[in-house]
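K.L.:
Heads up: the protein sequence lines correspond to chains A and B, in order. Each residue of the first sequence is one higher than the one before, counting from 1330 in this note's numbering. Each residue of the second sequence is one higher than the one before, counting from 1330 in this note's numbering.
FYI, nobody ran anything at the bench for these hints, they're computed from the structure. Any given hint could be a false lead.
No distinction is drawn between identical chains; accordingly, a pair holds when it is met within one copy or between any pair of copies.
Below, in silico cross-link-like pairs of lysine-lysine (DSSO-like), each with a Cα-Cα straight-line distance of 27 Å or less [stated by the list, open to error]:
hint : residue 1 : residue 2
1    : K1507     : K1744
2    : K1664     : K1610
3    : K1654     : K1338
4    : K1610     : K1343
5    : K1664     : K1343
6    : K1744     : K1664
7    : K1610     : K1651
8    : K1477     : K1654
9    : K1651     : K1744
There are 2 protein chains.
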Amino acid sequence: METLLERRKRLLGKAYRLFYDNPVHIVRGEGVWLFDADGKRYLDVYNNVPHVGHCHPRVVEAIHHQAQILNTHTRYLHETVLDYAERLTARFPAGLDIAMFACTGTEANELALRLARAATGNDGMIITEHAYHGNSWAVAQITSCYTKAEQRGDNIVTVPTPDMFRGLYANDKAAAQKYAAHVQAAVETLVRNGHRPAALIVDTVFANEGLPNVPPTYLQQAVDIVRRAGGLFIADEVQPGFGRLGDHFWGYERHGVVPDIVTLGKPMANGYPVSAVVTTKPVTDAFSRDAHYFNTFAGTPVACAAALAVLEVIDQQDLVAKALKTGEYLFDHLKDLATDHDMIGDVRGSGLFIGIELVRDHDNLEPATVETAKLVNLLRNRGILINSTGLYDNVLKIRPPMIFGAEHADLLLQKLAGALEEIRAPVHRKS
Amino acid sequence: METLLERRKRLLGKAYRLFYDNPVHIVRGEGVWLFDADGKRYLDVYNNVPHVGHCHPRVVEAIHHQAQILNTHTRYLHETVLDYAERLTARFPAGLDIAMFACTGTEANELALRLARAATGNDGMIITEHAYHGNSWAVAQITSCYTKAEQRGDNIVTVPTPDMFRGLYANDKAAAQKYAAHVQAAVETLVRNGHRPAALIVDTVFANEGLPNVPPTYLQQAVDIVRRAGGLFIADEVQPGFGRLGDHFWGYERHGVVPDIVTLGKPMANGYPVSAVVTTKPVTDAFSRDAHYFNTFAGTPVACAAALAVLEVIDQQDLVAKALKTGEYLFDHLKDLATDHDMIGDVRGSGLFIGIELVRDHDNLEPATVETAKLVNLLRNRGILINSTGLYDNVLKIRPPMIFGAEHADLLLQKLAGALEEIRAPVHRKS
């Protein structure tokens, strides 16, 4: 008898990966819970796509209602795409007035690249090390965790991740300027290579880089440097956006900068494939001189109805404030947990986006990569779905649906403490 | 008071285009009909995305049902993606056993490019002139209708569209060989440029090229040449696929070839954003040696439930046979219409994918481009939604939902005859 795993390999091939040594066969979702085929319940601590909770009835109903009426494309006039664009751009400062739609975060970043090139006339890109922005060919070029430097064009230059825990200038009071100096150096490298910067692009919470604490004025300085060199700033808000960080609706706001282009994706319509670019009139005007834009499945009535419902639920259920509150509660208790468990080297993040960095040695910060993988699998067996991130895959990534409350945080904390106890190993404390 | 058009420009920017001089404000769809805000009914002769009809209740219900239960990604085990992969690959000959999922046709072609490069170790691409395959950077490189030769890398070479009406070797009995010789020359150009072919890619109905009649053995010869040079054949079935051509389920079958990679999109889930690549085990095995594949919104339970429903409706309503029958009826009557209207230079196509090429002169085939645009707009005002294609935008493109019947064909024929009458102009007949 063919197992589900064998059947999957036969039908989808070998390129597909599964989470966990013992993959989970999920059949149902509700709120922060996922249920497997045996009826076992898992707390979802990882999935940001079901932003307002798995199968939120308001979003399901919005999709169902509109799917019965009309679902066609943006080459006919329709009000829902405009209603959504209006509601979405209202969340941004004046200037960021225009919304363009795509289906995936990758497609949003593809469009952002085209916009930045058209608006500046330049083709250079500055990216952080170990960044993730998507999987198309052009976006993989700016996804430093997938491509090695020699696989990228000489129009793409990386800068060190501004990490205050383990970065080049960790714990250095002048870290902001020192990290920003690398952006200046990147501009000069581009010029030496015969390019000028079209844009600096960062995920504003640096999720794939391990959610580092970023020195407060770093991004302001970096953006100033890039703008002086004729480039734009693209804020990739696919992960931090829509209030996840609790203190602000968008991640860039925490850095005191205003982007020229913002890209949005995953949580935008709670799982219906929707993404967007928000930008300025001058940028789209420049782009539209030589190009037009169409994406068959993007900005359709159903996609926009689903996305509108997500914005409404965020407001009605006050989910940004909830993310801040639950996040602070969880953060404080994780800090307490760290005093009992030496393996926890750092706890950081904001709202419902928290990283727990695990180390074997507090002096040399040797990453506890193997232990992190063990913890992820132990937690899976204990009914907690979580995963890891960062250059060394040693950062537990906590990124649950926004309806995650203190009671869910308590369950996570209890299971995490138990799992940490189980893998307790000698850790070198600060000497 | 801001009009809908002004509001759209303010919120979406200038890069978005609308169909028709007097754009249509569509608010409802049902079967082959679209309805505007004033309640006026339009016959949809153009949209292939609503493959089984606008808002088909079976597809709407499949989406609604699954959206209430679960909609998460392919890093957990789930049976619906496998059920769909099984049902989909069963429509292909043995060997084309593996399905991989994306969200848009562009993303499917992105993945196909990566697969072909990985499987062959080559990076050369052979494409037809005026081809359309999508809008990402890499796919725009193989989309010759968007990019000029000088904007493309020297690893991409075009070949003439194998057109029997106005092509290089129109009406030439040796056309198949003569057109195929250009594929051999393209291979040699690639080699001179330091490349070898990864793949030949064609839309198997050459929709953007104007739906030409292709000499019967052309594609066999072309594919043989490419395979001998170490390349693969990618069949882009985004437009011809899922039975539209009536005689076969896939466009490549009409050419007596079997592809190595097939890409699918638009009609696949009746408007829910779904696309796929179908390929062989050796191709995915080669790809997975150095890469893995994940696409957040792709292959989800809801996406696959919608796609499964489309396959079921196609079978239950016998829509492929219906497309053949309606198509033949329409084709014959269009041929009759051509005898009364000199502007019709050619009628061609299969099933519910028919092109009507309009000319000003039957000797030199001067394209009636302006007249075609006029006709499209006249028909819009008479309640028929249609559009044009081809290098000269002088081919009326008939590509309605698959439930289009003889009664709808009659209405189209009647309105088309009236509109042709209205713009009747002197046309030079064959001398």
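K.L.:
Against each hint, give a clear statement of whether it holds in the structure.
P.N.:
These are the hints, each one checked on the structure:
Taking CA atoms no more than 27 Å apart as the test, K1507 paired with K1744 passes in neither setting, with 40 Å inside one copy and 71 Å between copies. When the C-alpha separation of K1664 and K1610 is checked against a cutoff of 27 Å, the pair qualifies neither within a copy, at 45 Å, nor between copies, at 49 Å. Taking identical chains as interchangeable, the C-alpha atoms of K1654 and K1338 are never at most 27 Å apart, the minima being 43 Å within one chain and 39 Å between chains. In the homo-oligomer, the alpha carbons of K1610 and K1343 lie at most 27 Å apart only across protomers (9 Å), although the nearest pairing inside one protomer, at 44 Å, exceeds that limit.
When the C-alpha separation of K1664 and K1343 is checked against a cutoff of 27 Å, the pair qualifies neither within a copy, at 40 Å, nor between copies, at 50 Å. Proximity of K1744 to K1664 under the C-alpha cut-off of 27 Å is restricted to the intra-copy arrangement: shortest distance 15 Å within a copy versus 73 Å between copies. In this homomeric assembly, K1610 and K1651 never come within 27 Å of each other (Cα to Cα): the closest approach is 34 Å inside a single copy and 48 Å across copies. In this assembly of identical chains, K1477 and K1654 lie within 27 Å of each other by CA distance neither inside one copy nor across copies; the values are 40 Å within and 54 Å between.
Taking the shortest Cα distances, K1651 and K1744 sit within 27 Å of each other inside one copy (22 Å), while across copies they are farther apart (59 Å).
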